[in-house]
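Required output: the full structure, derived from the provided sequences and hints.
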Amino acid sequence: MTEVPEEVKKGREIVKEIERGSWPNFLKEAEKTRYPVDLYGASLYLKRDLFTTGGYVSVPGAPTGILMRVTSRPDIGESTNVVRVLLPSGNFITSDMMDKFCDFADKFGVGMVHALSTGQNVEIPGIPKDRIREFVTEFRDAGLEIGSTGDAFRNTTTCVGATLCEYANMDTMGMRDEFYDKFNDYAKYPTFPHKMKLKISGCPLDCARTTQKADIGVVGSWVGAPIVDNKMISSMPKEKVDAIVNSCPTLAISRENGGISIKGEDCIQCMKCLRNGEGAIKPGDKKTFLIYVGGKLRGKKGPLTSKLLMRVDTKEEVMEKLEKIVEAFTDHAARKERLGDLIFRIGMKGLLELLEMKLQALNVKDLRTNVFYPVSEEERQEIANDLAGRGK
Amino acid sequence: MTERPEGPPRPYLNFVPDYVKDSIGKWVTHKMQEGGIIEHIDSRGKKVYTVKAASTPNGRYSTITMRQITALARKYAGATMRFTQGLNMEFIVGSLEKAKALKQELKELGFPVGGWKEHLWSLTSCAGYFHCALAATDAPSVIQNIANSLSRYFDEEELPAKLTIAGSGCPSSCGGSFLTDISINGIHTEIPVITENVKNCDLQGTAFTCPVGAIQLKTLPDGGKTIEIRESLCIGCGLCVGACGGIIFQTPEKTDGHAISIGGKASASRYGTTLGRIVVPFIPNEPPHYEKTIRVVETIVETWKKDAKKGERIADWVDRIGWEKFFEKSGLPFYPQSMDYLDIRGITTLRDGSGR
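Protein sequence lines, in the order shown, are assigned to chains A and B.
Numbering of the first sequence is given in the working numbering, commencing with residue 3 and proceeding in unit increments.
Numbering of the second sequence is given in the working numbering, commencing with residue 190 and proceeding in unit increments.
If you are wondering where the hints come from, they were derived from the structure by calculation, not from laboratory data.
Virtual Cβ for every residue (Gly too), placed ideally from N, Cα, C.
Where hints are given, some of them may not hold.
Stated by the list, open to error - Not the full set, but computed from the structure, chain B residues with beta-carbon under 8 Å of chain A:
id, residue
1, Ala243
2, Ser361
3, Gln405
In structure tokens:
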């Protein structure tokens with residue numbers, strides 16, 4: 003009988019402490035499985051990560067989807083390689099499908115499923131290196147697909163969109179399906195300088211967090227005023243109508259014969275009145291798509307929000323631009339440089355040039371506050387021509 | 190032989206409950222029924238209900254528990270369920286009676302039901318030491334402790350507005366920190382050292398990963414190449430450690446900890462998308478209970494709860510009162526290290542003009 007190492011004993015005490023409390027507990031869950039809880043406890047005690055990346059398994063048909071995690075203390079716990087599973091759009095999982103994941107986790111893994119990672123995938127941890135091939139073959143034969151690792155398009159996430167939400171300007175989940183129909187190779191083969199993420203939100207409330215962490219974000223929006231059902235408004239109590247009118251940050255809403263009217267040119271699509279409207283106000287019917295680029299958390303220049311690239315009118319144009327952006331990214335980004343870092347290096351102007359576009363007032367939040375600018379002869383002519391005859 | 194799939198299972202219509210299908214695109218409004226149950230109404234007056242339950246902080250479940258959950262989905266929710274961005278479980282149910290019964294059963298299984306409107310919405314976390322290879326510090330255990338201390342805000346007590354919390358074990362922010370109202374960000378705080386194994390790395394590539402240009406290529410007397418880290422420039426971000434196995438943190442157990450940031454949100458309402466701002470630049474890593482971290486988080490939540498107007502998320506609240514008042518009201522000390530370290534002089538984050 004070998005002696006239990008000190009760090010394991012101390013680790014077990016720490017784990018026991020963390021298992022207290024009323025909230026659903028991940029360690030209590032882990033105790034019901036064959037996951038090496040001792041290893042986790044020991045790393046908490048040692049304050050050191052006891053896993054390293056390493057090892058490589060070549061699996062036919064699965065260039066992405068496998069994360070190798072090797073233990074650096076095999077005496078305490080085993081390696082827990084992870085397989086990442088792609089889910090249907092909107093993360094809708096049928097009970098049969100989830101049960102199948104559980105079956106695979108019991109058969110190959112440690113009896114644990116990672117029900118959702120922050121990248122919106124299911125992960126099955128604890129698969130031994132020598133069984134990964136067998137796992138992938140069986141898994142794909144069951145009609146399920148793994149993916150979303152490496153320098154490829156990671157899992158595309160969406161909000162629920164039109165499926166369950168009245169604010170949606172488009173069918174986000176359908177758009178995700180279409181993306182995978184068209185560009186599955188981008189997602190499957192890791193051929194990019196760094197990972198890319200596409201996120202799709204149905205309205206400017208942005209539940210899919212496109213403006214925060216999407217390399218390419220698509221937000222469904224509209225132009226002009228929202229549609230008002232004045233019959234419903236007139237039957238509302240006065241305070242509620244007041245709340246709607248006062249919620250507008252640009253003062254675009256005015257009262258009109260017992261109802262309200264919204265001035266389209268003043269509307270900034272902030273969704274405030276829709277949220278207060280209880281169904282009486284709907285998004286406008288002239289739909290557009292906003293494309294954002296360069297959001298990220300990880301990497302060189304720290305967390306960056308996505309910047310508005312352009313506004314397009316059709317889904318086809320979105321897909322077309324997406325392909326162009328990916329091309330520009332693969333051609334010009336350095337190795338391990340995210341799109342946001344590329345923009346940081348070459349500027350939005352630089353990216354737009356690669357896309358054969360020009361910087362417009364649409365892209366700008368603020369203008370510069372200094373006068374320095376070496377004007378070239380061409381620009382001198384261009385500006386002079388532009389401004390000739392204005393102001394008369 | 191069965192045909193093997195390419196890409197995720199599609200089309201999505203195969204996976205949503207039948208009673209939702211004919212209402213897609215026809216929804217008119219939604220309203221809260223009771224804690225954790227939302228009623229969706231479509232243009233013909235048809236109603237469905239979404240029930241939302243909390244999850245474990247990092248989404249790990251034993252297959253035993255997961256099978257119990259799928260059984261509930263089978264019994265009440267058309268044999269389908271979804272997980273949200275905030276790792277919560279959502280079940281779409283056809284009637285209010287079923288929704289209430291499901292709520293009861295979920296509670297009996299140990300999952301709080303709630304998390305909408307002016308409540309704590311979600312707690313997310315990365316893998317941390319649980320199975321990540323790059324973690325600077327652990328995240329799920331921190332979030333587990335925060336969840337225990339703030340659980341009453343999920344289904345019982347009200348807050349001024351929505352509150353989301355996330356924790357990540359390193360600056361990669363896989364747990365979604367910086368995106369949420371309060372974030373725990375694991376950080377490396379030491380300057381990495383170069384070991385012999387560096388000769389196996391792509392040296393130029395490694396030098397390029399450095400955001401502050403602190404890595405320099407050097408030629409050895411024998412003609413070989415190596416790299417050098419200029420300590421005066423290094424900000425300890427750890428990117429080179431991830432890029433090259435020959436660069437390591439020597440004593441992570443002594444120096445790791447986390448920074449706390451507040452005010453991240455994606456919502457377009459009021460002031461738009463923001464990322465979290467670092468208010469506490471370093472708290473040492475102290476398992477199992479992380480008392481100092483919990484105290485800071487509780488202080489921020491209590492101060493915000495007392496001072497904010499209804500509907501103001503933390504970012505909106507701080508934007509209204511300004512950072513000086515934030516530190517005054519919360520009693521948290523202000524550290525100059527909260528200024529932007531990548532923009533070393535922090536010019537862009539200094540105050541200008543006479544207002545806030």
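Hint check results:
Taken as an interface hint, B:Ala243 checks out: its beta carbon lies about 6 Å from the nearest beta carbon of chain A, inside 8 Å. The restraint placing B:Ser361 at the interface with chain A holds, with a minimum CB-CB distance near 4 Å, inside the 8 Å limit. The interface hint given for B:Gln405 is violated, since its Cβ lies 17 Å from the closest Cβ of chain A, which is over the 8 Å cut-off.
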